[in-house]
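Student: In terms of my numbering, the sequence shown opens at residue 8 and continues consecutively.
You may find that some hints are simply not true.
[Claimed, not checked] Calculated pairs, BS3-like style, for lysine-lysine (alpha carbon to alpha carbon, straight line, at most 25 Å):
(1) Lys16 to Lys36
(2) Lys90 to Lys23
(3) Lys74 to Lys36
(4) Lys77 to Lys22
Simulated from the structure, these hints should not be mistaken for lab results.
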Amino acid sequence: MGNKNTGKKYNQDFKKMIVDLYRSGSSVKELSVEYGVSEVTIYKWNKKYSPIETEDGSSLTADDIAKMQKQMLRLQEENEILKKAMAIFAKK
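Please take these sequences and the hints and turn them into a complete structure.
Tutor: Below is the structure:
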């Protein structure tokens with residue numbers, strides 16, 4: 008079945024380099040052949056590491072947004088715990 012590269016791990020710098028090459032004009036097909044990474048994987052990396060402009064002029068990646076959502080959920084959970092603790096201590 009050809010040269011399928013399953014289970015390979017690439018470091019973050021390599022992924023960002025591929026995305027930068029894609030954004031600078033290289034085609035996904037060229038990058039796939041040259042670096043031995045599937046086209047689907049390159050598209051996924053592009054989605055993950057390409058910046059999204061916000062209203063205030065800053066930029067975020069999908070990865071940054073996912074990290075912020077995870078942190079927000081953790082903080083909401085901590086907030087609920089503190090509310091319950093306050094209710095317990097207020098009764099005393």
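Student: Please name the hints from earlier in the document that this structure breaks, with their numbers sorted from lowest to highest.
Tutor: Violated hints (numbers, rising): 2 and 3; every other hint is consistent with the structure.
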